[in-house]
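If you read the sequences in order, they're chains A and B. The numbering of the first sequence is the numbering used here, which starts it at 5 and goes up by one. The numbering of the second sequence is the numbering used here, which starts it at 721 and goes up by one.
Just so you know, the hints here were simulated from the structure itself, not pulled from any lab data. Each hint should be verified, as a subset may be incorrect.
Stated by the list, open to error - Only pairs whose alpha carbons sit at most 30 Å apart, straight line, appear in this in silico DSS-like list of lysine-lysine:
{"hint": "1", "chain 1": "A", "residue 1": "K306", "chain 2": "B", "residue 2": "K864"}
{"hint": "2", "chain 1": "B", "residue 1": "K1172", "chain 2": "A", "residue 2": "K13"}
{"hint": "3", "chain 1": "B", "residue 1": "K864", "chain 2": "A", "residue 2": "K91"}
{"hint": "4", "chain 1": "A", "residue 1": "K91", "chain 2": "B", "residue 2": "K995"}
{"hint": "5", "chain 1": "A", "residue 1": "K38", "chain 2": "B", "residue 2": "K995"}
{"hint": "6", "chain 1": "B", "residue 1": "K849", "chain 2": "B", "residue 2": "K864"}
{"hint": "7", "chain 1": "A", "residue 1": "K267", "chain 2": "A", "residue 2": "K38"}
All values reported here derive from a predicted model rather than from experimental measurement.
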Amino acid sequence: MAENKYTAKDFKSGQEVRWCPGCGDFSVLAAVQKAFSELNHEKEDYAVISGIGCSSRFPYYMNNYGFHGIHGRAAVLASGVKVANPKLSVWQITGDGDALAIGGNHFIHEVRRNVDVNVLLFNNQIYGLTKGQYSPTSKFGQVTKTSPYGTIETPFNPGQLTIGAGGKFFARTIDVNVKESVEIFKFADGHKGTSIIEILQNCVIFNNGAHSKITDKEERENNQLWVEHGKPMIFGKEKNKGIVLDGYKLKVVTIGENGITEKDLLVHDMTEEDPTIHNALVNMKLPDFPVVFGVIRAIPDKSYDQMIVEQIESVQANSPVKCMDDLFNSGSTWVVE
Amino acid sequence: MSKQIIDLDNVVVKFAGDSGDGIQLTGTQLTNTTALLGEEVATFPDYPAEIRAPQGTVGGVSGFQLHFGKNIFTPGDKCDVLIALNPAAIMANINSIKWGGTIIADIDTFTEANLAKAGLTPEILQGVKQNYNLIESPISSMTKECLIETDLDVKTVIKSKNMFALGIVYKLFGFPLKYTEEFLEKKFKKKPELVEANKMVLQGGASYASAIQAIPSFRICTDSNLKGKYRNISGNVATAWGLLAAAEKANLPFFLGSYPITPATEILQEIAGRKDLGAKSFQAEDEIGGIVTSIGAAFAGNFAATSTSGPGLALKSEAIGLAVITELPLVIVDVQRGGPSTGLPTKTEQSDLFQALSGRNGESPVPVIAASSPSNCFDYAYKASKIAIEHMTPVLLLTDSYLANGTEPWKIVAMKDMDVITPKTVSRETEEYMPYMRDENFVRSWAVPGMKGYEHRIGGLEKMDVTGTVSYVPANHERMTMLRDSKIKKIVNDIPEQTVEGVKDADVLVIGWGSTYGHITTAVTELIAEGKKVAHAHFNYIYPLPQNTEDILKKYKKIVVCELNLGQFANYLRMNFPQYEYRQFNKVMGLPFAVADLKESINEIMEG
Ligand code: SF4
């Protein structure tokens, strides 16, 4: 293996990191710094772009180019950067409020356009920076400062939203799972197009334990299904649980019971364009199902930024207009003697 | 009876009819022919307010006015000749025909039903006949006559009646048909039968006009001495080209993030078609996406712009503030229209001035520049870009619906003659780069992703002076606020002094800004010809104001500020120079000034 050019330290800025002690954002920062040091880009070619929210402070803590934007606009800011200079490796840092509430419109259109941006969607199911109001991913009935009697809103599932908007890439990870996150980030960087990575992030102050049922040490092996392309969907402490397709639906089975063997399990295919299974996977919920993690959907396609360059090249090859002077003098002109 | 010959220095012609009658195309053809003959010309397309209003109603009338001859600054107030392709076209324009002017109307369309739809009662028609030279021409039936031997379907035949009308107009002025014939040959290259048919109808119109005694001929006395190579250009295209030219001069890739909005959409369309020049256009999902992608592109090292109209500018406000605090170059074009809210989307107004100057949260200074003719949209877009790039700031360029859709001949420039534009790209010699280090004009330098050794972070939070780290220090915020303010004020050194036209020791100074230049100039020129002592100062640089503004104001006993709003520029001057008294002449009808009204009001002020 070739030596890495950088270490994670090269991506640490001098700024004091100001998240609450114990915030899930710290682990994600570490994972991103590690992933950047292991990827093949020059340091100056990284651009980290954010909106507003706790996680959106992220760019200040990285030592590469960064832009802390305005609320909800991370997607368009990042799209502008990438389209303007497709050589850059562009990372968008956004939260559930930033991406799915105030920036919901930009989010679906970014996904639809397939601009080559790696999107880290920090989902803590709460507004942290404004101190504890419900977000578009807060659980139905959740009591927060703005829902003292419980929310009466159905939350978004970011995976479903991504796939529904025609998304080509969706992955899910957990803040504290640094090792897995690093691998997912690196893989997303290689994917050409919008890569949505939902990170279940714990806000210790305003929504502590939002994901604890999933992440709980004792139960996590039974409650998490980490999918790998080409591998059967197995999970559980005993590695004896699996997912099969039963008619139109997914079903949890136990290997060895009712004649089920590993061969009967669904084999993960992240490149399948038909969204049915991917959608069913991202919709799996406790307690009937484990929650899916890993790269769920990754369909190679052309990115927006790549196509705009190709269009420019093909137009330029065929147009007599090469510069402004050509344009000024093209079409119908006349001379007054 | 022999044919009447009317001698004029200049003439105003208007085509009007249903939106399906091909009015805009007909108008454009007459414009092109006029321009190719070397006449000065200015045009004003007048689109119906409603999309597909019922046929034959006043709301559905589409118009195209052009003014040509000598000393043309405007598309003209009232027309000498109106070509009305239905009764509604007369009703819609009844107040914009000169007393005694000629109306050539398609009498075949004067059915009972059409007259009723247009509200043209027998009494009104009687009045029209008394006051104007109404020529009832069977345009529809003669068009059919021309094409009787072809096997074209009725719809196609009727569609070509605009060519008959055009043929009449060409004959009125003794213009050749050949330019339009050439156009038809190109347009219907693949359908030779349509080329022939349209040519026949065009000639039919011309022959009809020479045969009918009642149709006068006009002789336009021009002595155009404006040597050079010309093309026709609209304000929106000129704006797009000005931006593109600046990018080329500065040697920067160009990016436009935008969202369709009347009357600015054509800028986005023009840029979208300029992939041959490497321009990138991004049609965003909304106005905010339009500007924010541009800010991203500016961060990434492109010269970026965004185009919009009033309602869109309101949506972009927060993002303009982001460009202010991050000190990135950006041009925001606001093609103003009637407001508030959706207002009058297709009509002209100058009521976004305050929004442009201060429609943002916080102390958020942005230079404001206004174009004053369709063709100088090119110059001011270029200048706005130069200021944005050289002073690392967003710049607001104001045009309006009247400039955007109006066309006029533009003397083609050569890129080598355009002012140099020097981007503030960080120099390789800088030892330690700090994002908010400033030069003598308080301008920071631009380091863009991809440049090794200059990695830094910027954003919407207040920045520490010099280092650019986040800072909530009270004194630092005040210092940064002052620095941002001073930076914009310093731009005054890069803009020309304000000029004054007209009489030296004038009694009245007429002040205008932006698109009213043509009308005010015409009014002032005519007043001077009538022996009045009037001067005219027309502002293109609104913020900062030219250095000599006060020197000008103090010279005149009376000042009148004329604008298409309730007095925003007048109030702006009152705020800056409270020691002078400002009278106002305002109009908010969604229409340009009329020269006659301007003259009347200036006269009143002189006497009063
Ligand atoms: S409020 Fe929550 S999300 Fe924000 S920094 Fe603190 S723990 Fe993290």
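Hinted pair K849(B) and K864(B), Cα distance within 30 Å: Holds, at roughly 26 Å.
Checklist entry - Taking only the CA atoms, is the gap from K306(A) to K864(B) under or equal to 30 Å? => result Distance of about 54 Å is beyond 30 Å: violated.
Between the alpha carbons of K864(B) and K91(A), is the straight-line distance 30 Å or under? violated, 61 Å
Measure nothing beyond the straight line between the CA atoms of K91(A) and K995(B); if it is 30 Å or shorter, mark the hint as holding.
This hinted pair holds, its Cα atoms lying about 19 Å apart.
Practice problem: Assess, step by step, whether the Cα of K267(A) is no farther than 30 Å from the Cα of K38(A), and give holds or violated. | Solution: violated, 36 Å
Next on the checklist: For a C-alpha distance cap of 30 Å, please report whether K38(A) and K995(B) respect it.
Outcome noted: violated, 39 Å
* Sort out whether K13(A) lies within 30 Å of K1172(B), counting only the CA atoms. => holds, 17 Å
When each numbered hint is compared with the structure, violations occur for hints 1, 3, 5 and 7.
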